[in-house]
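Engineer: So the chains spell out like this:
There are 2 protein chains.
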Amino acid sequence: MKMAETGTPAKDQTGREPKTARGEATRRAILGAAEKVIGRQGFNEASIGSITREAGVAQGTFYIYFSSKDEVFSELVAEMGRMLRHVISEATGGMADRLEAEREGLRAFLTFVASHPELYRIVQEAQFVDPDAYRAYFRTFAEGYRQGLAEAAEAGAIRPGDADVRAWALMGIARALGEYSVVFGDTTPIDEVVDIAHDLIVDGLRKRS
Amino acid sequence: MKMAETGTPAKDQTGREPKTARGEATRRAILGAAEKVIGRQGFNEASIGSITREAGVAQGTFYIYFSSKDEVFSELVAEMGRMLRHVISEATGGMADRLEAEREGLRAFLTFVASHPELYRIVQEAQFVDPDAYRAYFRTFAEGYRQGLAEAAEAGAIRPGDADVRAWALMGIARALGEYSVVFGDTTPIDEVVDIAHDLIVDGLRKRS
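So the sequences go chain by chain: A and B. According to full-length UniProt numbering, the first sequence is numbered sequentially starting from 1. According to full-length UniProt numbering, the second sequence is numbered sequentially starting from 1.
Hints are supplied without guarantee of correctness; some may be wrong.
Unchecked claim - Examples of chain B residues lying across from chain A (beta carbon under 10 Å, computed):
(1) 142
(2) 158
(3) 165
(4) 197
(5) 204
As the list claims (entries may be wrong) - Taking lysine-lysine pairs in the DSBU-like style, the calculated list, with each CA pair at most 35 Å apart, reads:
(6) A:207 <-> B:207
(7) B:69 <-> A:69
(8) B:36 <-> B:69
(9) A:69 <-> B:36
(10) A:36 <-> A:69
(11) B:69 <-> A:36
(12) A:36 <-> B:207
Claimed, not checked - Now the in silico label distances, taken between C-beta atoms and shown as ranges:
(13) A:44 <-> B:85: 29 to 37 Å
(14) A:95 <-> B:156: 33 to 41 Å
(15) B:47 <-> A:28: 21 to 29 Å
(16) B:32 <-> A:156: 47 to 55 Å
Don't read these hints as lab results, they were simulated from the structure. Note that the Cβ used here is the ideal one computed from N, Cα and C, for glycine as well.
So that you can see chain A by itself, here it is in the shape it has in the complex:
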């Protein structure tokens, strides 16, 4: 997307396809390969050679699109953020019931993570490889979450309470349950995990008579 925004590369003089479209496809292939290779091997182990091999392009092609392994890594973190925000907003957009939106947002998150375990690991590793990208990723999420909770509390849809700390706490639940599956190999079906967690989020631990 970045390349399209800056307007480069320009039209290809020799081929029939505009270079923007072809270039974007190659760029996406490299990003997809980097997701797999870095996610599996970790940032330090993954080489640009193994990324281009996985993508099926020449090693030099990498440098047409990215200046370094660091740059492709940062782009993956940003992309994970964009994709996740997209699937969560698709899953919850227009929902009138905030508590139901919590449930569907959690389900969308865990479903996405289950199908992108490598991206999940990359975001975790970003804390050490690219702290700025890591912080931007979580700050952006937290701010959206905070805003949604503050509006819901103001509208009387949920109990009042500090939206900022709540946002971090609820993100923490989602993240831990994603990790329980991706890193710790838990096999409880997502729908079951969502129901248990949602019950806790909505009604808490306290017994009521």
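Position chain B relative to chain A; hints supplied.
Structural biologist: Using the frame of chain A, we list chain B on its own:
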């Protein structure tokens, strides 16, 4: 502790102090220095030379106690687990009210993390440096937590619900709030964070009339 357990080093023939005590002090100095240096610089950047400089011992002394940087790293992760379990059990031990134990456990966790930011980062990095130590760390916590929640539910002290998923969700809250302070620099006082999170954990988001 490991050295004492294996019975080495033996009594010092020349000094008045038993070598076990002096050796243990040196070992602890190296561990403390490694905590600071690795926690601040990250595992890859931190050198054994910078650890021994920080500890004020000769570089060769490191190898009397540890075979490698990897070993000292794994020991730090294990130590963080032991220390945290200790402070949490000190804070909650003998509490009859499970909900109050949740509150005090969270307060103890966040207080510990605030005073050991480097250890916190080391545990995070363990996912990439020593995945086995990382998984052991969280599995041990999760199992203790799960057991406590299961017993509380059985005793009717909290609402019934899957203790395993709940344990991971509640660990996720604690971890995220620790990170919000250590990594993201949030300055909300711990007691305030604990009250907001505990309110969510105990009563959830649902509005009641």
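Engineer: Please work out if residue 69 (chain A) and residue 36 (chain B) have their alpha carbons no farther apart than 35 Å.
Structural biologist: Holds, at about 28 Å.
Engineer: Is the interface hint for residue 204 (chain B) satisfied, with its Cβ closer than 10 Å to some Cβ of chain A?
Structural biologist: holds, 4 Å
Engineer: Quickly compare the C-alpha distance for residue 36 (chain A) and residue 207 (chain B) to 35 Å and report which way the hint goes.
Structural biologist: Roughly 44 Å separates the two Cα atoms, so the pair is violated.
Engineer: Taking only the CA atoms, is the gap from residue 36 (chain A) to residue 69 (chain A) under or equal to 35 Å?
Structural biologist: Holds: residue 36 (chain A) and residue 69 (chain A) sit about 14 Å apart, inside 35 Å.
Engineer: Quick check: does the Cβ-Cβ distance between residue 95 (chain A) and residue 156 (chain B) fall within 33 to 41 Å?
Structural biologist: Since residue 95 (chain A) and residue 156 (chain B) have Cβ atoms about 34 Å apart, the given range 33 to 41 Å holds.
Engineer: Classify the hint on residue 197 (chain B) as holds or violated, based on whether any CB of chain A lies nearer than 10 Å to its CB.
Structural biologist: Because about 5 Å separates residue 197 (chain B) from the closest Cβ in chain A, which is inside the 10 Å limit, the hint holds.
Engineer: Please test the hint of 47 to 55 Å on the beta carbon pair from residue 32 (chain B) and residue 156 (chain A).
Structural biologist: holds, 52 Å
Engineer: For residue 69 (chain B) and residue 69 (chain A), compute the direct alpha-carbon distance and say whether it is at most 35 Å.
Structural biologist: Distance of about 26 Å is within 35 Å: holds.
Engineer: Given the hinted pair residue 69 (chain B) and residue 36 (chain A), is their alpha-carbon gap at most 35 Å?
Structural biologist: With Cα atoms ~28 Å apart, residue 69 (chain B) and residue 36 (chain A) stay inside 35 Å; holds.
Engineer: Is the hinted range of 21 to 29 Å satisfied by the C-beta distance from residue 47 (chain B) to residue 28 (chain A)?
Structural biologist: Since residue 47 (chain B) and residue 28 (chain A) have Cβ atoms about 39 Å apart, the given range 21 to 29 Å is violated.
Engineer: Classify the hint on residue 165 (chain B) as holds or violated, based on whether any CB of chain A lies nearer than 10 Å to its CB.
Structural biologist: holds, 4 Å
Engineer: With chain A as the partner, please determine if residue 142 (chain B) meets the hint condition of a C-beta pair closer than 10 Å.
Structural biologist: holds, 8 Å
Comparing the model with each numbered hint stated earlier shows that hints 12 and 15 do not hold.
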